[in-house]
Amino acid sequence: SQQGEEDPQALSIQEGENATMNCSYKTSINNLQWYRQNSGRGLVHLILIRSNEREKHSGRLRVTLDTSKKSSSLLITASRAADTASYFCATVPFPYNTDKLIFGTGTRLQVFP
Amino acid sequence: GAVVSQHPSWVICKSGTSVKIECRSLDFQATTMFWYRQFPKQSLMLMATSNEGSKATYEQGVEKDKFLINHASLTLSTLTVTSAHPEDSSFYICSASGDSDEQFFGPGTRLTVL
Chain A
1 SQQGEEDPQA LSIQEGENAT MNCSYKTSIN NLQWYRQNSG RGLVHLILIR
51 SNEREKHSGR LRVTLDTSKK SSSLLITASR AADTASYFCA TVPFPYNTDK
101 LIFGTGTRLQ VFP
Chain B
1 GAVVSQHPSW VICKSGTSVK IECRSLDFQA TTMFWYRQFP KQSLMLMATS
51 NEGSKATYEQ GVEKDKFLIN HASLTLSTLT VTSAHPEDSS FYICSASGDS
101 DEQFFGPGTR LTVL
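Chains as they are written, first to last, in our numbering: chain A, 1 to 113; chain B, 1 to 114.
Derived from the structure by calculation, the hints contain no laboratory data. Wrong hints could be hidden among the right ones.
[Said to hold, decoys possible] Here are the simulated lysine to aspartate or glutamate pairs, EDC-like style, with alpha carbons at most 20 Å apart: (1) K55/B to D7/A; (2) K69/A to D83/A; (3) K41/B to D99/A.
[Claimed, not checked] So, partial list: chain B residues that the calculated Cβ filter (under 7 Å) puts toward chain A: (4) P40; (5) L46; (6) F105; (7) G106; (8) G108; (9) T112; (10) V113.
Note that CB positions come from ideal geometry on N, CA and C, so glycine has one too.
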């Protein structure tokens with residue numbers, strides 16, 4: 001079963017604008033990860049945030065985690081056409097005695113030049 | 001970074017035949033490998049988790065006799081879709097993890113069953 005739901009399902013913006021995607025999950029987690037997938041391709045790991053962290057940055061990416069609300073957000077600043085892809089959050093849910101990832105429903109981002 | 005390959009990248013087969021998909025970790029030892037399937041415009045659904053040398057653990061609703069998983073070495077896992085039918089057509093993605101938390105994903109295999 002899927003752990004996370006993401007919104008929006010689809011997002012269209014112009015180059016230079018910021019894109020924000022949200023992820024909600026159901027159970028306690030060990031960590032939450034964000035991935036990117038270009039159409040018909042494999043996944044690229046973007047960033048991992050642990051349950052005891054609240055915010056993390058990597059280049060133009062900013063991820064926040066609110067464990068009280070069981071939610072996370074991914075912000076891509078100054079977006080580029082090359083950022084067009086699907087973005088998924090994934091969690092390692094309780095009881096986290098394995099490393100298995102449960103993926104959210106994904107957000108399809110389209111950035112227009 | 002760690003590299004995971006899949007072979008083949010795409011396959012077309014007739015209904016009733018079996019198809020084997022390989023997942024290899026090229027530059028690290030993968031103690032655990034995961035198999036996912038993804039339907040068009042949908043998310044990845046975990047099918048099974050396999051640890052080297054032991055039987056795979058299947059997620060609820062995944063038929064173990066339909067999707068045979070073998071993880072015979074620390075660098076290779078295979079998924080065999082037995083007696084494939086059109087509804088098995090999907091994108092199959094593997095991932096591998098070693099010492100760290102991170103999973104490294106393969107590029108995926110697109111299976112089309114006619």
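Right, here's what the structure says about each hint:
Using a Cα cut-off of 20 Å, the hinted pair K55/B and D7/A is violated, with the two alpha carbons roughly 37 Å apart. Under the criterion of a C-alpha separation no larger than 20 Å, the hint pairing K69/A with D83/A is inconsistent with the structure, at around 28 Å. Between K41/B and D99/A the alpha-carbon distance is near 25 Å, which puts this suggested pair outside the 20 Å criterion. Against a cut-off of 7 Å between C-beta atoms, the interface hint on P40/B is violated, since the closest Cβ of chain A lies about 9 Å away.
A least Cβ separation of about 6 Å between L46/B and chain A falls short of the 7 Å threshold, and the interface hint therefore holds. A least Cβ separation of about 4 Å between F105/B and chain A falls short of the 7 Å threshold, and the interface hint therefore holds. Here the hint on G106/B is kept, as its CB sits about 6 Å from the closest CB of chain A, short of 7 Å. Evaluation of the G108/B hint against chain A yields a held restraint, the C-beta minimum of about 5 Å falling below 7 Å.
A cut of 7 Å between beta carbons decides the hint on T112/B: the least distance to chain A is about 13 Å, and the hint is violated. This hint is violated: V113/B has a C-beta 17 Å from the nearest C-beta of chain A, more than the 7 Å allowed.
Checked against the numbered hints above, the structure violates hints 1, 2, 3, 4, 9, 10; every other hint is satisfied.
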